[in-house]
Amino acid sequence: MTSLLITRLRQGKRTLPFPDAEPNLPERFRGLPIIDQSRCPSGCEACVDACPTDAIANNGPLAIDLGRCLFCPECSNACPDGAIQFGRQYRLATTDRTDLVVEAGQPLKLARRLAGDIHRILGRSLKLRQVSAGGCNGCEADVNVLNTVVFDLGRFGIQFVASPRHADGLLITGPVTRNMCAALEKTYQAVPDPKIVIAVGACAIAGGPFRDHPEVLNGANSILPVNLFIPGCPPHPVTILDGLLRLLGKINDAERTSAVARGSG
Amino acid sequence: MTISLPSFHNGEPIPLTSVPCLPVREFRAKIISAVREGSTLTALFGAPAENGRIQLLSVLADSVTGSLSALRAEVNEAYPCLTVECPQAHWFEREIAEQWKVEPQGHPWLKPIRFHAPYRSPAAARAPLPGVTDFFAVSGDEVHEVAVGPVHAGIIEPGHFRFQCHGERVFHLEISLGYQHRGIESALVGGPGKRTIHEIETLSGDASIGHATAYCEAVEGLSGAALPARAQVLRGIALELERLANHTGDLGALAGDVGYLPTAAYCGRIRGDFLNLTAAICGSRFGRGLIRPGGVLFDVDTQLAAELTHRLDTALKDVGDAVRLMWDTPSVQARFQDTGAITSRTCETLGLVGPAARACGVERDIRQDFPSGVFRFAQIPISKWDTGDVFARAWVRWLEMQRSGVFVREQLASLPQGPTRATVGPLMPAHLIVSLTEGWRGEISHVAITDNSGRFARYKVIDPSFRNWMGLAIAMRNEQISDFPLCNKSFNLSYCGHDL
Chain A
1 MTSLLITRLR
11 QGKRTLPFPD
21 AEPNLPERFR
31 GLPIIDQSRC
41 PSGCEACVDA
51 CPTDAIANNG
61 PLAIDLGRCL
71 FCPECSNACP
81 DGAIQFGRQY
91 RLATTDRTDL
101 VVEAGQPLKL
111 ARRLAGDIHR
121 ILGRSLKLRQ
131 VSAGGCNGCE
141 ADVNVLNTVV
151 FDLGRFGIQF
161 VASPRHADGL
171 LITGPVTRNM
181 CAALEKTYQA
191 VPDPKIVIAV
201 GACAIAGGPF
211 RDHPEVLNGA
221 NSILPVNLFI
231 PGCPPHPVTI
241 LDGLLRLLGK
251 INDAERTSAV
261 ARGSG
Chain B
1001 MTISLPSFHN
1011 GEPIPLTSVP
1021 CLPVREFRAK
1031 IISAVREGST
1041 LTALFGAPAE
1051 NGRIQLLSVL
1061 ADSVTGSLSA
1071 LRAEVNEAYP
1081 CLTVECPQAH
1091 WFEREIAEQW
1101 KVEPQGHPWL
1111 KPIRFHAPYR
1121 SPAAARAPLP
1131 GVTDFFAVSG
1141 DEVHEVAVGP
1151 VHAGIIEPGH
1161 FRFQCHGERV
1171 FHLEISLGYQ
1181 HRGIESALVG
1191 GPGKRTIHEI
1201 ETLSGDASIG
1211 HATAYCEAVE
1221 GLSGAALPAR
1231 AQVLRGIALE
1241 LERLANHTGD
1251 LGALAGDVGY
1261 LPTAAYCGRI
1271 RGDFLNLTAA
1281 ICGSRFGRGL
1291 IRPGGVLFDV
1301 DTQLAAELTH
1311 RLDTALKDVG
1321 DAVRLMWDTP
1331 SVQARFQDTG
1341 AITSRTCETL
1351 GLVGPAARAC
1361 GVERDIRQDF
1371 PSGVFRFAQI
1381 PISKWDTGDV
1391 FARAWVRWLE
1401 MQRSGVFVRE
1411 QLASLPQGPT
1421 RATVGPLMPA
1431 HLIVSLTEGW
1441 RGEISHVAIT
1451 DNSGRFARYK
1461 VIDPSFRNWM
1471 GLAIAMRNEQ
1481 ISDFPLCNKS
1491 FNLSYCGHDL
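Residue numbers (the working numbering), protein chains in the order written: chain A, 1 to 265; chain B, 1001 to 1500.
Just so you know, the hints here were simulated from the structure itself, not pulled from any lab data. Don't be surprised by glycine CBs; every beta carbon is placed ideally from N, CA and C. Mixed in with the good hints, there may be bad ones.
No farther apart than 30 Å at their CA atoms in a straight line, the calculated lysine-lysine pairs in the DSSO-like style are these [to be verified]:
1) B:Lys-1101 to B:Lys-1111
2) A:Lys-109 to A:Lys-195
3) B:Lys-1111 to A:Lys-186
4) A:Lys-109 to A:Lys-250
5) B:Lys-1317 to A:Lys-13
6) A:Lys-186 to A:Lys-127
Counterexamples of contact, computed for chain B against chain A with all Cβ distances above 10 Å [as the list claims (entries may be wrong)]:
7) Ile-1014
8) Gly-1249
9) Gln-1379
10) Ser-1482
Chain B extracted, bound-state conformation (with noise of 0.2 Å):
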């Protein structure tokens, strides 16, 4: 029997009734075969379903048709895994299981991803400690453990690093997070509220301009609201500017991370200079404020137009200067190039995202594999590399941010009149909206589901970093643990972001 899914774009809203529900066997056999084809799985997730039962989710992506399918099954207690079969699949069915408590039996490595008390029956669990399960050890002559964290020693977010090592080589990372939960996904639901856009844009609030698109845009196709033109180019340059901030943030820090300190000071100063030409825009250098359904808070009239692009000229000339010293120096060069290393193949098995996969010389970017907004009009192209080590990762960010700095230009020279904000009205009942953003770490996914009143059932979201913190652990392995700042640097994930 073959069912066809329904095919849909990023940002359109489909009913929930056009969505198959499948029997578990096929369910399986359409993410696997599609996923052996090319396809990403973009999301596989639980919501509750009417009968007490739990429904998975799926969101399959193909960016050669640019189209995105869905389908869901329901099940019980337990259904099988897909991760042995469709190793993308790892990282969410860990969360479904902690979520539901739903067993995907066989996987190969079931333990808690956020340590805290399932969403179904909570009250009959109590949340487990966090970081208290299961790791990976290794065991023989002069094998040893390093532990890190959750308090680590630079002014970052809390996480748990497990280092097996033999000597200065680590055999194995495990990663283990949850430290920053603050149940963003329960409080989504019932939504939106007055509330809602503020827990999106703290979601990652480095990334506060990637969330609240992704979100803004989920809520304006659910509603049927038409994005004025003049809106969808200023997200843009924000989504641009807030690349460039934290691109030169992380080539900063990439160099302090090798002791090579005229690109970290640099590089620390210049970053503020780009998060201040977003505060220009809309009071807040991280974007706060700025992006609310149906448009933007705040415009951009011809006189700051000039003086942004001259600002922007002015910072990434002197980024340009910075970063070119570190490309031009042999010692940085020798500890970037050969470290932590994945291959192509290794980053498509895991599904990455973003730059970490860009630099795998995997094309995958959502600006051009599924556009919404400006994006359909003014087209940045891929930049990749294809050595998968931290040099690549470092120089797909720079040629990204020569990219980022021309669009920018060009949107701010040819700002379309009109307005700024279109009304929203209510959303669409029982419909489901997948909407896909690629922020600086990578591709943000929301997917949207509305009850029958045009509230939200479920919203959920998967940040980058929730595909790309494997990478970094696999990234690890036999390299020395004193790289480890540099590798966890070159792949700079977002613990809330995570966490949710």
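For reference, chain A alone in the conformation it holds in the complex (with noise of 0.2 Å):
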């Protein structure tokens, strides 16, 4: 009993202060990529040959698709001038799949609060029902340890269930396999209305590493319509929280900027 204590105390309070603190997210994080298409050379297609996955497109304002993006080095390794790199912006989600194409010295849309209605009932207490439908593990992970005392998801109102007749929606991870498809259509007739789908991960969104194999089907929004889209591969867990609490409307941009200016003043 003494060393249950003891120990209790020596692991202290570990929760993030997250959203009212920026994360302290290691030097090498690679977040959203910032493009300085100045320095291309004409002709240069460097990054779109070392894309793995067709991310970049190279016709018109060099944009990368961050729903396709794996957010791995190869691009920015390639390109001789450093018209990529990977910056440290780490709040990602969008609500629209089209935001997620991000061009040269354009800002990315954040995502937004819920709509009206669905918000007034969803807002301040979401029941989530993870499904993994090809998932690597690696989302699921990153998911998983919002419920740890690090992120203690449960503080916003936010929690997973075990059923989907629990949730108020689904999130979900990995390509969409063809033979998790009809569990992951049934999985969502299951839960009542109204109710929301969150696609997490670059798998989630666009099929990820799996993109076109005939065995998977590109996606969430293949088959259901999608709320809420997190990019990464996989999403640091703070990418995926930031992404939960813009979607509740518990970050607020305008907010935030107001509370940095109140403090410095």
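Take the two lone chains and join them into the complex the hints point to.
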């Protein structure tokens, strides 16, 4: 009993102060790519050729589809001129699939709060059923970690539940394999209305490294309407948490900015 | 007639022509006698032969001499099965039947393992529906069946479990997978391409380092590239950090499954501390982007090495405190001990690998038996226990963690100088290579065969889970069904690594 108490004291309080304070991300973290097209020599396709998932388009403004992006270092290593570099921006979730395509100089349109009625019903208590449909256990692991004391998801009124009948929505990982398609559809049907769908990771958004394999369906929105896209391979847990909180209107950039302004004043 | 099989090492390419092609009868006899004499059936799989037939390829591993041997046989529609005489072949032969429409005649339980259309003339056949197949059934008074999955209660991958129970007692568990099948092996044919390493890294995403290491060593061997010493050491460090993170998570989850929350809560957090060490090296908690053919993409300078060592020491101390609580709590030990026990004989018969095998007292560890990379120079002693139960599988993980911790600390203190990457040229045509890595779940086996232009004609991946799922099924016999989550977690197998 004594050792239990001593250990408890020694382990301390470990919950991150997110979203009130910025998380301490590793120095080599690869977040939102920063594109500087002015450095591109004409006719250079090095990044396009290097990208394993064809996430980069160079017809017109250089654009990266974060939905397909694995956030691997391949493009930035291939670029001899430093036109693509991964920045430290970890807030990446969007409401619309098309918003994940970022062009040089354009800010990322981050996810909006759920619309009116559905926000009124789900905004203060959100129960999610997680379904892995071909996920590699990377996204699953970093979703699961939100339940640990570090992120303490419960304090935001969000909880993962065992049955779709108890859920307000699905959080889907994996490219949606043909062999999981029926089970995923049935699970979705079992969730009572109104319901939402969240796609976490490159696979669930666009098929990830398995895109266009005949055995997969290239992501959740190929069969279900998706309300929130959280890119990454896998996304950092803070990226996932940030996305969930934006969906519930618990992170509001205007408020955050003014809070910072007040703090400095 | 005696045919001597070519003997080669982990990571050493051999010309395909040196692999003897035997009549099926001798092919079978060789495998059966070698396994009886103590070799492990590392691989048994099909590949297309030139004349439209299928060649069966087998790799046998002799851990006493640290050498591998390979043999093959050509078949068409059917051949007499090996499983009856060599149970290690059970899952391999089901895979062969499913992938190539070759029937292992006399196989005691021939049914799909992944539920996909066959590789041979796929258009002619429809893919079977997942989970729609015969299941072993028990009948009698008060016998009932419990079916679980593919969608489970937790945040976990999908699989289907069918229990035959008498009250609480499980007579038999049958595990039906395939829901995660993403067609990776088919996609690897014709490679390596720019997507190959990413498919390997996500093949079983919590073992990215293990699989990427096995793949890169195969490519390096086939191209004759010499891996710089510094890269070898950094890969070894990453592999052991992956083991530390996953073992920590497993110990916490085991505590959680018996309702002992202190260890569960602490380990959930400390697992992240280990993952964050990997992220400090390469930016990704799972080591994505670190390991590439020819070396590693990220270096560790003196300052980072010092920081990693400091954080490692803290995390090891924290996890030591957290798991000690669990070892010292009788109510936890009462649930762990004698639950889900497997004998060493069963373990060897089934060919189990990794901590599950070492928990049965079986000394089997690629880092010792068939070392490659840094493990040829820096040895990690084998950790084992002999009770074969949930406790043993937990305890072996803890022993391994301590030894991995010592290893990482030592390696960080003595990083060799030099480059972190070498150039990788084209692959040797018509060669075969076997690349083995001891991942945190156990033996990761990759077998690559190149065609005449040096592309992959066949790339076989055998995740440790492929060998161990049967172990979980056997461990559940005569256990209470309420102990299934605990037994399952004590193996913690990969669904996607199995399904590919």
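Violated hints, by number in ascending order, as checked against the structure: As far as the earlier hints go, only 8 is violated by this structure.
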